[in-house]
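Asker: In case you want the letters, here they are:
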Amino acid sequence: MTTTTIPASSGFGESVRRLRIGPYLFVVALGLIVFVAIGPQQFVNALTIGAIYALIAIGYTMVYGIIELINFAHGDVFMVGAFASMFVLTSVLGQEPNSSADSAPQAVFLIVTTFLIVMPVMGLLGVAIERFAYRPLRNAPRLAPLITAIGISFILQNIIQIIFGPSPVNTPQVIPPTAKIQIGDVSIGVVNIFVISVSVGLMIVLQLFVSRTRLGRAMRSTAQDREAAQLMGVDINRTIALTFFIGSALAGAAGIVQGFYFGAITFNLGFQAGLKAFTAAVLGGIGNIAGAALGGFIIGFVEVTAAAYGLFVWGQALVFAVLIIVLVFRPSGLLGQQLGERA
Amino acid sequence: MKFARVGAAIAAAAIIVAACGGGSSGGDKTLKLGVTLPLSGGAAADGQPTLKGAQLAVDEINKKGGIGGYKLELFPLDHAVNGKYNEQQGAQDMQTFVNDPAVIGVVGPYNSAVAKVQIPIGNDAGLLQCSPANTNQSLTKPEFGGLDFRKNHPDRIAYIRVAATDDIQGPAMAVYAAKTLGLKNLLIIDDVTTFGKGVADTFQAKWEELGGTTAARVGAGADTTDFNAIITDAMTKKPDGVYYGGVVTSGAGLLLKQMRQQGLNVPFLGPDGIVNGNGQADGSLIKIAGAEAANNSYGTVAAIGDFPAKATFDAAFKEAFKADKEFNTPGAYSGPAYACATVILDSLQEFLKATPNADQAAIREGVRAWASDPAHSFETVLGTTAFDKNGDTTQPFISFYQVDPAAAGGGDWVFKEQQNFGAQ
Chain A
303 MTTTTIPASS GFGESVRRLR IGPYLFVVAL GLIVFVAIGP QQFVNALTIG
353 AIYALIAIGY TMVYGIIELI NFAHGDVFMV GAFASMFVLT SVLGQEPNSS
403 ADSAPQAVFL IVTTFLIVMP VMGLLGVAIE RFAYRPLRNA PRLAPLITAI
453 GISFILQNII QIIFGPSPVN TPQVIPPTAK IQIGDVSIGV VNIFVISVSV
503 GLMIVLQLFV SRTRLGRAMR STAQDREAAQ LMGVDINRTI ALTFFIGSAL
553 AGAAGIVQGF YFGAITFNLG FQAGLKAFTA AVLGGIGNIA GAALGGFIIG
603 FVEVTAAAYG LFVWGQALVF AVLIIVLVFR PSGLLGQQLG ERA
Chain B
8 MKFARVGAAI AAAAIIVAAC GGGSSGGDKT LKLGVTLPLS GGAAADGQPT
58 LKGAQLAVDE INKKGGIGGY KLELFPLDHA VNGKYNEQQG AQDMQTFVND
108 PAVIGVVGPY NSAVAKVQIP IGNDAGLLQC SPANTNQSLT KPEFGGLDFR
158 KNHPDRIAYI RVAATDDIQG PAMAVYAAKT LGLKNLLIID DVTTFGKGVA
208 DTFQAKWEEL GGTTAARVGA GADTTDFNAI ITDAMTKKPD GVYYGGVVTS
258 GAGLLLKQMR QQGLNVPFLG PDGIVNGNGQ ADGSLIKIAG AEAANNSYGT
308 VAAIGDFPAK ATFDAAFKEA FKADKEFNTP GAYSGPAYAC ATVILDSLQE
358 FLKATPNADQ AAIREGVRAW ASDPAHSFET VLGTTAFDKN GDTTQPFISF
408 YQVDPAAAGG GDWVFKEQQN FGAQ
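If you read the sequences in order, they're chains A and B. Under this note's numbering, think of the first position of the first sequence as 303, with each following residue one higher. Under this note's numbering, think of the first position of the second sequence as 8, with each following residue one higher.
Calculated from the structure, these hints are not laboratory results. Do not take every clue at face value.
As the list claims (entries may be wrong) - These stretches of chain B come out as covered by chain A in the derived footprint (C-beta under 8 Å, 3 or more residues): (1) 36 to 49; (2) 221 to 229; (3) 252 to 266.
What the hints assert, rightly or not - With a cut-off of at most 25 Å between alpha-carbon atoms, the simulated SDA-like pairs for lysine to any residue come out as follows: (4) Lys482/A with Thr232/B; (5) Lys245/B with Thr480/A; (6) Lys482/A with Pro274/B; (7) Lys204/B with Val615/A; (8) Lys482/A with Asp247/B; (9) Lys70/B with Asp321/B; (10) Lys70/B with Ala318/B; (11) Lys482/A with Asn302/B; (12) Lys204/B with Gly228/B; (13) Lys71/B with Pro412/B; (14) Lys329/B with Asn69/B; (15) Lys245/B with Val338/A; (16) Lys332/B with Gln463/A; (17) Lys191/B with Gly612/A; (18) Lys482/A with Lys244/B; (19) Lys332/B with Ile461/A; (20) Lys482/A with Leu271/B; (21) Lys244/B with Ala481/A; (22) Lys332/B with Leu84/B; (23) Lys245/B with Tyr611/A; (24) Lys204/B with Gln574/A; (25) Lys244/B with Leu217/B; (26) Lys244/B with Gln484/A; (27) Lys245/B with Pro399/A; (28) Lys245/B with Val492/A; (29) Lys245/B with Ile461/A; (30) Lys332/B with Pro399/A; (31) Lys482/A with Met242/B; (32) Lys36/B with Lys70/B; (33) Lys244/B with Pro399/A; (34) Lys329/B with Gly467/A; (35) Lys244/B with Gly612/A; (36) Lys245/B with Phe337/A; (37) Lys78/B with Leu359/B; (38) Lys245/B with Gly486/A; (39) Lys244/B with Trp616/A; (40) Lys482/A with Pro363/B.
Cβ atoms here follow ideal geometry from the backbone N, Cα and C, with glycine treated the same way.
Chain B extracted, bound-state conformation (with noise of 0.2 Å):
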């Protein structure tokens, strides 16, 4: 009794300090970018460059003397459990955000799975959200039962993203597979997860749509490792290429290592999970499978690729980061993690115009309000950028991305072409 008296006065001291410390905070003129990113493990492959874009659009802002008056702060929060990205973490992250006064908006989350769990967060609290990446077109888009996540507020939109959605990324490739390509007969692999079947989903109907077989479809468990019965059965149906839609984390570098050694040795297709850095960076496709199995593999990323002002952008980031021995090229969500903090920047710098006195509370409301308006544009990195009444980019762009084994790096992704499928 006596042990638990005095360990609940101590719970109960912790929680005043904790709770003075976060008031203090509020005091100065300090406001937060949050940043919900898997930044460990096989994930920071995906997570780290991209946290990097958010940051250098933080310090160019602080350089700059910040804006009305405050100075900001990015504040990441990793969701990586065990080198893979984690829904609880990711909703807890998220909660931690919310109860943070000074946080005004937060870059994020990388996976569509991640995003499902914390965009009715976001949505109850009034907190924007940007996602340089979530591509699973049911997170946002009504017919696809974008409303189940912003149930209390369906008219309140608190997540917008700048990525291109899967019901447009996973055609993209069908299209590039059956024309560019010229294949006939595919092995078709889903990782059974949110973002993995839906974008294999999507690609299979364009697939077919077009006239393209399916040799075998099937669904491998986000922990395989053993692909061996999956590629011995596809290579008797003889497929003259394999789309995974899935991430690396998932198995994507097994399978094309396995492919490999099993003598398959057609393209190898699929979304943005797969295209992950250089030969060099931990996790990355390339350097689970080696530079030369990675050979013949080409990729899809749902942003524009060779965006107006990439040249300055990279050698900007490179400059920003050269002391990073691992992540110091900005990979193909940097640039839209930029584009999402300066939209949150600009909406602050925005509403603290019109409203220079408000509060912690209501400038969070406002930089919601701005970004989430159709009818405002933002001039970003990759453009000008605009959201509709979902939160969805105006410009969805497809990036076409091909391995080059031979890339300094031990081999990267090198940019191929890209397609705005805005007009459409």
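So here's chain A without its partners, still in its complex pose (with noise of 0.2 Å):
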């Protein structure tokens, strides 16, 4: 940690001093404003969701702001990731599709056992991913690796389809959707929570990750630049492997929560999240992993709030009219682009 020149942290007082506090304040005020007009029942839906949102865009930001690239099989990774989550609970833990724990301590048991699992499997997923379809193309002209990114998705989407079918699978749930928590005359999903606060727990470790810690750094500095970074002694290839590893195992979180909350999941199921996530990515300023999350939030807030005033079939409509709006006043998305510093 000491022997190098870039500086190892920010700390607390310089990432204040850093923070353009207008964007924040903005998704606060927006959060605020979503909060009143839709009531807290609703407003939790939309945090659900956009965590879920917000862990995927997670994964499609790193990618860009490492290598530029625009990783479109990332959406299907997540896909991958709530399949394996159902096969590691039917299968490995003998869950039935349809149940529920029956206590809080199994539950704690299946759900520590299903992230052990499937987060490092979709992480090496990501990893193999970027050693055989990506790395080999790293200097080839843009076109080459957006292609195979393509490609990737349609083969991941095919392998899951042969495999379990196409039509959607029931995936156990393992927090009982129909628990409750009711303060005043709001109840609140237990498994709501569990999700947001899984996200956000992740995202939290995530940050402290890239901005604490000395592979954080290096991922930080080959960001900024490549080249330097290589002159530097930073080991690019590894750096990005981890990257690609580190937005795997979110996206395979989010899958595995999508399952918990929906228990039902398809083959499909990556296309339209990842647009979404992807739409976020931008909105946040892609390159940017705090707005990628803040995208993920503003998404589903907007959809919620779409559905709140009955206007559920404008939702996607809607989306893309405020990702137009936001880039035509900040074309570098809400918290602009670099995921070197401001990371």
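Starting from the two chains in their separate frames, assemble the complex, guided by the hints.
Answerer: And the structure:
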């Protein structure tokens, strides 16, 4: 930690100084308006779906930040994560589809085991995709890796479709979906709280990792200037692989919570979710981790607000209208573009 | 350049071979009955039992030695893409039938949106198509825009159907909801498709005419997976029932599952699009939602559910397909598909009786003309079947089904009652 010339951490005081407070205020204000407009019950729905988008969006943004590739296969890694979680719960841990854990300790055991298996496996899947589909093309024209990314997306979809079939597949919902916590006249699903806290927790860990650790610093320096980082002794291949590992592991986590929340998954789940998450990443400023998280929540807010006002069918149009408006005024997204310093 | 030429030569050779293949089949005494249905993936629960209805009819005819010296061959094409019906593929398949001179008629399709693209093709070519399951009223009835689908030959009916239409199916459920179930305040959701929005509109009109209130009317596109926000919103308006205009591949199962998770345990109503197989069939409402969640669900089917020959038909069906693990019991549209096949094959028989030496083109036109003639009627498994001047059945029946979560096969739809709207 002490031998390098790049400052290890910006420190709390410095990060506050560096924070451009405007966009955060915008999001907090938006959140408040939405909260007042749609009420606490819908607000929880928005946070839950937004948290899932945010987790996926982070993978898009990290990969773009470090190698400027739009990794179209990322949404499908999320989908594979959902199926891997279903597989682990049913075939390895012996749960019935459509069932819930009998007791709290059992639920904790099932949840922890699923995360411990699925996240690393999805991370390795991401690393393998990078190794075989993107690394050989790193110096090829931009279009080439973009097309292989789309190719990987189709390959993953087809594999899952062949193994599990094209119909929705039921997954065990470890946390009973009808379990609620009553606060006044508002009842909030335990599973919603679980999804939100897992996502936010993982995002905080990621933020700490990127800003406080040696590997995180290597990632930031590679994003800033790959050649310079290499000259300073950063192992570029390993750093990029690590980025894919983390992004894909988070997508795997998103896949797990998706299954817990909805209880049914399909092989083409990744396309829509990937598109929304990619939009979230662009909205927040592609390459920027905090931006991706904010973008995810904003999309959740917009969709749920539309539904709360009986405009569900306009949800997607509204999401993209918001994207266009944001990009017109802030072409590089709400929080700007670089993974490097501001991450 | 060289490669391009070689490629062109290979392609040309392939076309010639294919053309010869097509030509040679015209020589032997085989005629084909096309079947156009979504047969794979989530749509298989709809398509497979329906296909088997038509197959049973063809197998029985062949066992009796065929018709007029011809053997019949079933020619099914699947237009499900990624597990959902696909209009483009449906249009392509219809063109394939048209281009094969041995095809004398087509059973299908299942979904009204597919019929919309197939009817003009069949109308242009004069190839008869009989749908067991299409219910959208605009496909045939001039007052709903039916002439748009037969622009080139408005008087040449090439599309007939044995299913009742949604201007009957929607209102029938509205009456059932108000009178039999005693509901007052409904959440109405549709999947923004030809069929789903159409049937939900007719349902809602009748529902409000009967004095029911609509808590909310929501469109949720066919790719919707998250209905939570809609449900949360609707629950503040305390609906005592939910009507879903749409099909299971559009999300009926996910909606029902999420409703029950949020604690909205009111009756779930829907058209024939939600009545699709037992709790073991892949892609069925009961399997996706779970048998317990599917309890308290009611669906209409635009076909006669308790037809006179039902016991015999069911027994023959189960005997014929007992080796099939997944689809060995008749679905709601197996009988109608069998009836459709009967109508086409009977027309063939009548035509060949009068004109035994007709060529294939004449047979195709003869079958179409005979079947679509309002003066003719057919003895089918559904009873006496005839078609009006638009090709609609003159005996529109609506049957009501309810989910029994304890039924064999992980929960199943159970027939409750039926009504004949032909007299009106």
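Asker: Decide, hint by hint, whether the structure agrees.
Answerer: Here is what the structure says about each hint:
1. A count of 3 residues in the segment 36 to 49 of chain B with a Cβ less than 8 Å from any Cβ of chain A is obtained; the coverage claim is therefore met, three being the minimum.
2. Counting residues of the segment 221 to 229 of chain B whose C-beta sits closer than 8 Å to any C-beta of chain A gives 6, which meets the bar of three, so the coverage hint holds.
3. Coverage of a stretch by a chain is defined here by at least three residues with a beta carbon nearer than 8 Å to that chain's beta carbons; for the segment 252 to 266 of chain B and chain A the count is 4, and the condition holds.
4. For the given pair, Lys482/A sits about 22 Å from Thr232/B by alpha-carbon distance, which is consistent with the 25 Å threshold.
5. Annotation: proposed proximity of Lys245/B to Thr480/A holds, straight-line Cα distance about 18 Å (limit 25 Å).
6. The straight-line distance between the Cα atoms of Lys482/A and Pro274/B is roughly 22 Å, inside the 25 Å bound, and the hint therefore holds.
7. Distance hint between Lys204/B and Val615/A is fulfilled; the C-alpha atoms sit about 12 Å from each other, no more than 25 Å.
8. Using a Cα cut-off of 25 Å, the hinted pair Lys482/A and Asp247/B holds, with the two alpha carbons roughly 21 Å apart.
9. Annotation: proposed proximity of Lys70/B to Asp321/B holds, straight-line Cα distance about 19 Å (limit 25 Å).
10. Taking the CA atoms of Lys70/B and Ala318/B, the gap is about 21 Å. The hint holds against a cut of 25 Å.
11. Restraint check: the Cα-Cα separation between Lys482/A and Asn302/B comes to about 22 Å, which is no more than 25 Å; the hinted pair holds.
12. As the CA atoms of Lys204/B and Gly228/B are separated by approximately 10 Å, the hinted pair is consistent with the 25 Å bound.
13. For the given pair, Lys71/B sits about 41 Å from Pro412/B by alpha-carbon distance, which is inconsistent with the 25 Å threshold.
14. Distance hint between Lys329/B and Asn69/B is fulfilled; the C-alpha atoms sit about 20 Å from each other, no more than 25 Å.
15. Taking the CA atoms of Lys245/B and Val338/A, the gap is about 21 Å. The hint holds against a cut of 25 Å.
16. Taking the CA atoms of Lys332/B and Gln463/A, the gap is near 20 Å; set against the 25 Å cutoff, the hint holds.
17. Taken as a hint, the Lys191/B and Gly612/A pair is honoured in the structure, with Cα atoms around 20 Å apart against an allowance of 25 Å.
18. Of the supplied pair hints, the one linking Lys482/A and Lys244/B holds, its CA atoms being roughly 20 Å apart against a limit of 25 Å.
19. Simply put, Lys332/B and Ile461/A have alpha-carbon atoms about 24 Å apart, close enough for the 25 Å limit, and the pair holds.
20. Annotation: proposed proximity of Lys482/A to Leu271/B holds, straight-line Cα distance about 13 Å (limit 25 Å).
21. Proximity of Lys244/B to Ala481/A is assessed by CA-CA distance (about 22 Å); at most 25 Å being required, the pair is judged to hold.
22. Proximity of Lys332/B to Leu84/B is assessed by CA-CA distance (about 21 Å); at most 25 Å being required, the pair is judged to hold.
23. In summary, the hint linking Lys245/B to Tyr611/A is supported, as the alpha carbons are separated by about 16 Å, within the 25 Å threshold.
24. Under the criterion of a C-alpha separation no larger than 25 Å, the hint pairing Lys204/B with Gln574/A is consistent with the structure, at around 23 Å.
25. Of the pairs offered as hints, the one joining Lys244/B and Leu217/B holds, with about 20 Å between alpha carbons and a cut-off of 25 Å not exceeded.
26. Pair hint Lys244/B plus Gln484/A holds up; C-alpha atoms about 19 Å apart against a cutoff of 25 Å.
27. Taken as a hint, the Lys245/B and Pro399/A pair is broken in the structure, with Cα atoms around 30 Å apart against an allowance of 25 Å.
28. For the given pair, Lys245/B sits about 23 Å from Val492/A by alpha-carbon distance, which is consistent with the 25 Å threshold.
29. The hinted pair formed by Lys245/B and Ile461/A fails the criterion: a straight-line CA distance of about 43 Å is larger than 25 Å.
30. For the given pair, Lys332/B sits about 20 Å from Pro399/A by alpha-carbon distance, which is consistent with the 25 Å threshold.
31. Distance hint between Lys482/A and Met242/B is fulfilled; the C-alpha atoms sit about 15 Å from each other, no more than 25 Å.
32. For the hint linking Lys36/B to Lys70/B, the alpha-carbon distance of about 15 Å falls within 25 Å, and the restraint holds.
33. The straight-line distance between the Cα atoms of Lys244/B and Pro399/A is roughly 32 Å, outside the 25 Å bound, and the hint therefore fails.
34. Between Lys329/B and Gly467/A, the direct Cα distance comes to roughly 23 Å. Compliance with the 25 Å bound is thereby established for this hinted pair.
35. Proximity of Lys244/B to Gly612/A is assessed by CA-CA distance (about 12 Å); at most 25 Å being required, the pair is judged to hold.
36. Annotation: proposed proximity of Lys245/B to Phe337/A holds, straight-line Cα distance about 21 Å (limit 25 Å).
37. Distance check on the hinted pair: Lys78/B and Leu359/B sit about 13 Å apart at the alpha-carbon level, within 25 Å; holds.
38. For the suggested pair Lys245/B and Gly486/A, the alpha carbons sit about 18 Å apart, so the restraint of at most 25 Å is met.
39. Proposed proximity of Lys244/B and Trp616/A is supported: the alpha carbons are some 21 Å apart, at most 25 Å.
40. Between Lys482/A and Pro363/B the alpha-carbon distance is near 73 Å, which puts this suggested pair outside the 25 Å criterion.
The structure is inconsistent with the numbered hints 13, 27, 29, 33 and 40, although it conforms to all the rest.
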